[in-house]
Amino acid sequence: GAGVSQSPSNKVTEKGKDVELRCDPISGHTALYWYRQSLGQGLEFLIYFQGNSAPDKSGLPSDRFSAERTGGSVSTLTIQRTQQEDSAVYLCASSPPGQHGTQYFGPGTRLLVL
Amino acid sequence: TQLLEQSPQFLSIQEGENLTVYCNSSSVFSSLQWYRQEPGEGPVLLVTVVTGGEVKKLKRLTFQFGDARKDSSLHITAAQPGDTGLYLCAGPGAGSYQLTFGKGTKLSVIP
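Protein sequences, first through last, are from chains P and D. Per the numbering used here, residue 1 is the first one in the first sequence, and the count goes up by one each step. Per the numbering used here, residue 1001 is the first one in the second sequence, and the count goes up by one each step.
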């Protein structure tokens, strides 16, 4: 079956612009995660969605970052007023019900803020 | 915050050589995972170890979880160019569902 898909694969934007990153999880996976991978750094947890429960936003680095998940499936990560330090690879993952330790990652969106 | 330290940061070896990379922490983890990430792709789960002292083998890859569950190692026998990639270890983070990752070991296997 299809894996986790993300779009766009690459995004170049100017400082101060807003960007939207999309994640389409594996069908049937109830949990969805966003991570950020900066150059030379490990993956940094951003936000977690589980079914219809309130998301865990504890990893979002500032109030310029927000995310939503519509209909328990597709998720959108929005970064407002982008800054150069936001440049990174944004990875989305999903996991089957009850298997948080088994996360399937998408290919990521490479964001470059000029 | 539980931290995972990986070493070495970079490793370049010839095809056919053996290698070991390490993942260490001062904290005890209930489990540890190893991922491989290739350029332009997301990480792919290789293995999960859950029992102290556990050894798991995946073809030419051998994974070991330390007895105290604070460290893990990945040994590759007779490395091949297809083994090239970024090897990441990860364990449960602050929430039971999120993962905390090390910074990875970037492996290059030269033909």
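Don't read these hints as lab results, they were simulated from the structure. You may find that some hints are simply not true.
A short, non-exhaustive set of chain P residues, derived as facing chain D with CB atoms under 10 Å [said to hold, decoys possible]:
#1 3
#2 11
#3 65
#4 72
#5 83
#6 93
#7 100
Backbone N, C-alpha and C define an ideal beta-carbon position, used for all residues, glycine too.
Each hint, compared with the structure:
1. At its closest, the beta carbon of residue 3 of chain P sits 9 Å from a beta carbon of chain D; the interface hint therefore holds under the 10 Å criterion.
2. Taking 10 Å as the C-beta contact cut-off toward chain D, the hint placing residue 11 of chain P at the interface is violated, the least distance being around 14 Å.
3. Here the hint on residue 65 of chain P is broken, as its CB sits about 16 Å from the closest CB of chain D, past 10 Å.
4. The interface hint given for residue 72 of chain P is violated, since its Cβ lies 16 Å from the closest Cβ of chain D, which is over the 10 Å cut-off.
5. Restraint check, residue 83 of chain P versus chain D: the minimum CB separation of about 22 Å is more than 10 Å; hint violated.
6. Checking residue 93 of chain P against chain D by beta carbon gives a least distance of about 7 Å; that is within 10 Å, so the hint holds.
7. With a least beta-carbon distance of about 4 Å to chain D, the hint placing residue 100 of chain P at the interface is held under the 10 Å criterion.
When held up to the earlier numbered hints, the structure conflicts with 2, 3, 4 and 5 and fits the remainder.
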